[in-house]
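Undergrad: Let the sequences and hints guide you as you build the complete structure.
Residue numbers (our numbering), protein chains in the order written: chain A, 668 to 861; chain B, 668 to 861; chain C, 668 to 861; chain D, 668 to 861; chain E, 668 to 861; chain F, 668 to 861.
The set of hints was computed from the structure by calculation and includes no laboratory data.
Check each hint, because a few of them may be wrong.
Which copy? The list can't say, so a pair holds if one copy fits it or any two copies do.
[Unchecked claim] Below, computed lysine-lysine pairings styled on DSBU-like, alpha-carbon distance capped at 35 Å:
#: 1; residue 1: K861; residue 2: K786
#: 2; residue 1: K708; residue 2: K763
#: 3; residue 1: K808; residue 2: K841
#: 4; residue 1: K830; residue 2: K706
#: 5; residue 1: K786; residue 2: K841
In case you want the letters, here they are:
There are 6 protein chains.
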Amino acid sequence: APLFTKDLYEGNDYIGVVTGLAWTSVGGEILFIETSLSKSKAPTLTLTGNLGNVMKESAILALEYIKAHATQLNIDESLFETMNVHVHVPEGAIPKDGPSAGITMVTAMTSAFTGHKVKKALAMTGEMTLRGKVLPVGGIKEKILAAKRANIKEVILCHENQKDIEEIKSSYLKGLKFHFVSDIREVLDIALIK
Amino acid sequence: APLFTKDLYEGNDYIGVVTGLAWTSVGGEILFIETSLSKSKAPTLTLTGNLGNVMKESAILALEYIKAHATQLNIDESLFETMNVHVHVPEGAIPKDGPSAGITMVTAMTSAFTGHKVKKALAMTGEMTLRGKVLPVGGIKEKILAAKRANIKEVILCHENQKDIEEIKSSYLKGLKFHFVSDIREVLDIALIK
Amino acid sequence: APLFTKDLYEGNDYIGVVTGLAWTSVGGEILFIETSLSKSKAPTLTLTGNLGNVMKESAILALEYIKAHATQLNIDESLFETMNVHVHVPEGAIPKDGPSAGITMVTAMTSAFTGHKVKKALAMTGEMTLRGKVLPVGGIKEKILAAKRANIKEVILCHENQKDIEEIKSSYLKGLKFHFVSDIREVLDIALIK
Amino acid sequence: APLFTKDLYEGNDYIGVVTGLAWTSVGGEILFIETSLSKSKAPTLTLTGNLGNVMKESAILALEYIKAHATQLNIDESLFETMNVHVHVPEGAIPKDGPSAGITMVTAMTSAFTGHKVKKALAMTGEMTLRGKVLPVGGIKEKILAAKRANIKEVILCHENQKDIEEIKSSYLKGLKFHFVSDIREVLDIALIK
Amino acid sequence: APLFTKDLYEGNDYIGVVTGLAWTSVGGEILFIETSLSKSKAPTLTLTGNLGNVMKESAILALEYIKAHATQLNIDESLFETMNVHVHVPEGAIPKDGPSAGITMVTAMTSAFTGHKVKKALAMTGEMTLRGKVLPVGGIKEKILAAKRANIKEVILCHENQKDIEEIKSSYLKGLKFHFVSDIREVLDIALIK
Amino acid sequence: APLFTKDLYEGNDYIGVVTGLAWTSVGGEILFIETSLSKSKAPTLTLTGNLGNVMKESAILALEYIKAHATQLNIDESLFETMNVHVHVPEGAIPKDGPSAGITMVTAMTSAFTGHKVKKALAMTGEMTLRGKVLPVGGIKEKILAAKRANIKEVILCHENQKDIEEIKSSYLKGLKFHFVSDIREVLDIALIK
Ligand SMILES: [Ca+2]
Ligand SMILES: [Ca+2]
Ligand SMILES: [Ca+2]
Ligand SMILES: [Ca+2]
Ligand SMILES: [Ca+2]
Ligand SMILES: [Ca+2]
Ligand SMILES: [Ca+2]
Ligand SMILES: [Ca+2]
Ligand SMILES: [Ca+2]
Ligand SMILES: [Ca+2]
Ligand SMILES: [Ca+2]
Ligand SMILES: [Ca+2]
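TA: The following block contains the structure:
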């Protein structure tokens, strides 16, 4: 039974936790990307949550983007040499894969490194490239329905996914605000509370 | 024959040993999470007991949670740089997997790091996330029956598993006290004797 | 749907990003090789984008060529000991393999190490050997059609692929300028703006 | 032919060598756990003898137990940082697995680290847990017959295996003395000559 | 098409590049072993070109032979601690395996380490052992035909392959000079220009 | 053809090379264990020759035995920290496995470490255990016939293989001298010229 429960949005109390939208074999779902830092003399990136190779690559990519843009993101570079980064995606029993949690991972890690909280009732989905470009992803309709069910109020998507939103019956979209973006910097501007 | 013996609760003499509840192909079972520390110049996390990948991830997650919350848990951070952590789950002939030993692993490691013993006749089952949230798990009825058979008196479960307990005939629950929790700090407060 | 969108050329604003031509199961495609450097005490080559072993070897080969020819390429050798090199090929959901991105990878890495931008509206395809020789690759017709669709104006190919161009209807080639090369130094001379 | 020869007890001349009892596809067998220490600047645990994963875990577990209890076992802790530990189980052509050599491995390693010889004509079988508890194992009847054939005089077993001994015809047990134990410290007290 | 083009001999301009003879599913072929050195604080042997395990072992063996015979080969031993060795075999799309490139690899690496060029229009095929013995290999007829087609003038073979040459129609051998050798030192004497 | 040639004994000119006897799918064969040392700041054991896991373990075991008995074997222990050990078994195209080259490997490595040559026209076959015990191996008849064909004059075997020799027609054994041993020290005494 726990495998199929539909989760609810859980507030923005935790730094380093961001709500993503996933499209699984049982339909749309929200999922949480959790990031945590801990002191380490030999810092690495630790990934847990039954993640496939492409999803693991998204996390590697996210951390590399952050390292290469530390100054712009206002992150103290010495953290990369002193803190282990752990990214976890509950729930361990469910295999997860694909690139669509890319922007969620960058946002979660940036939140953890800067200490900035994430905006309330916000979810997001989108692939990121190494230069920070946001790419469109699939399963938009199912993800939006899941976001509503979970009490999400704002959603960040790639601008190339706007056409997918326009195909959804407008009554389903009531109470949801959309942000269509093309660069990860727009995502971080919208998502992080400074 | 040893593969199918039903184990009994074994007391709380050992620091670092916590009783979990498992749901295997032969029904409910209690299992022991054993943690041991040993001096090491290059400390790692060693995992034995024929564990699958998801269960190994639970142990990685547990250690990372403890490292990131060392101050709150009253753990001397220098231990992480001087002590190897070994987690073992007897019995080696039986493959074990899944996320439901998560809270048991955190409790066992925290017991080992703090030196606090674990409450008598207590068992637990539940997945933990990186921010310390406790998630519901399956097989509750079978696990509760196994707990009774093993002379367990108190059980810690996720509050979302309360509905599973309410579906069990009350005569089966006689003599068992339940703790329904949502955060790992509640688990540690109940389980560790200070 | 995102799996089959046809991409457009995206400008030359980013140092370290070069446009390649790929031949996939769904026809010709342009792809972007993105390279990024970040400070590291133990620099490695990080490869993401769902790459197969042969494509990963192309990146290893590219970096080795650059290291062995640092002086000729005007690259400060100390960078190899202080900067992590990350090569990413969007889009993560699509497996990619083969040696034909070889010259694109060398160009992208050299752009990142030297800080030189890449010529506007240029794409390329070709295998490279360790001594810098450019080898012919397959799927030329499909790649050229994809280049036109994507608004590419100049294409670099191995001189042994000239015969493949001569077999394409000339109306298809209108507006495209070709460079036929045999050594990677010609590629870098054409591609990098100094 | 060598694959099926029945071995004999071989004396207790060698420190670090202990006789175990195994249950293989061709019946009961005695086997030798050989341990050897050698100086090393980067000591590791080396395992040979065509061992499966569970049997390798038994050796890891054994070494960890010894490290965590070095003081009680009277072992100089500096040895762990200067000596490589090699555990070998002849005969390389035969795959071996399972947890039942656990107590034999602890005894062999403790003999090697302390320099104490092992009692004459003694064999043993049993799984060990990280806290030192001895668990019952299978194939007891076949193992006991093999022990007699091999001229063994004393056998150490888990107390939970006593019932298996009681089911064996007493004439088969003539000349054999049994030790039923529940903790590894009892095993070491019986087995090591001080 | 590129997969089946027949290559030509390409001159001896590059130090570290040696022409070998291969026998593939599409007949005899020449192939190039390319070696390159680059400064490194932690030198390793990097192998690319879609090589199977046996061919990778040939490269490991070649480097070990050279290290063990550095003085005789007039190689500065400090190079082994400061230079990364990269061996590449174009073309990446074609899997390659087998021990018959052994002597070609030693020659290519020795050329790179000494800076000596390789004799013009020379090709070779043969397995090498760790003590430098040259062993016979298969596919001699097909390899010789490929050598002629590629404008090769001299071929080095194991003396035990002389019988295979004697079975080839003499008109096919016109214009080819053979060297039959039994030790790698003979190969290097013939191949390297001092 | 090279796969099935029957090799001949090749003299004892090379330190570190010892002749073994193998039993393959095509009958008995002699094989050469070649050992070479080379200076290294981070010495390892390198194994080549298309060896299976059990045969690799024999080499690990051999080196560990030598390290643990360095004093008795008159080997300067500092060599273990300064010299890389490479063991190769020609011919790379043929997969090899099994424990029966154990005593041959110890002899080859000891020859390399001490600089002592190996006795002329001598071959051997037998498994070794970590304490130096020699175990019997299979295929004795086929191996002995191969030894004769290869001009071997003396053979070292485990004393438990004496019964296998007694079953061979005595005319086949003419000109062969046998040494039946039970400990590796006897092998080294017979094989190494001091
Ligand atoms: Ca869920
Ligand atoms: Ca996508
Ligand atoms: Ca049990
Ligand atoms: Ca679950
Ligand atoms: Ca695309
Ligand atoms: Ca090609
Ligand atoms: Ca046996
Ligand atoms: Ca068991
Ligand atoms: Ca070719
Ligand atoms: Ca061969
Ligand atoms: Ca042969
Ligand atoms: Ca054997």
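Undergrad: Each hint should be assessed against the structure and marked as holding or not.
TA: For each hint, the structure was consulted:
{"no.": "1", "hint": "K861 / K786", "verdict": "within (10 Å within a copy, 38 Å between copies)"}
{"no.": "2", "hint": "K708 / K763", "verdict": "both (30 Å within a copy, 32 Å between copies)"}
{"no.": "3", "hint": "K808 / K841", "verdict": "within (14 Å within a copy, 41 Å between copies)"}
{"no.": "4", "hint": "K830 / K706", "verdict": "neither (44 Å within a copy, 39 Å between copies)"}
{"no.": "5", "hint": "K786 / K841", "verdict": "within (20 Å within a copy, 46 Å between copies)"}
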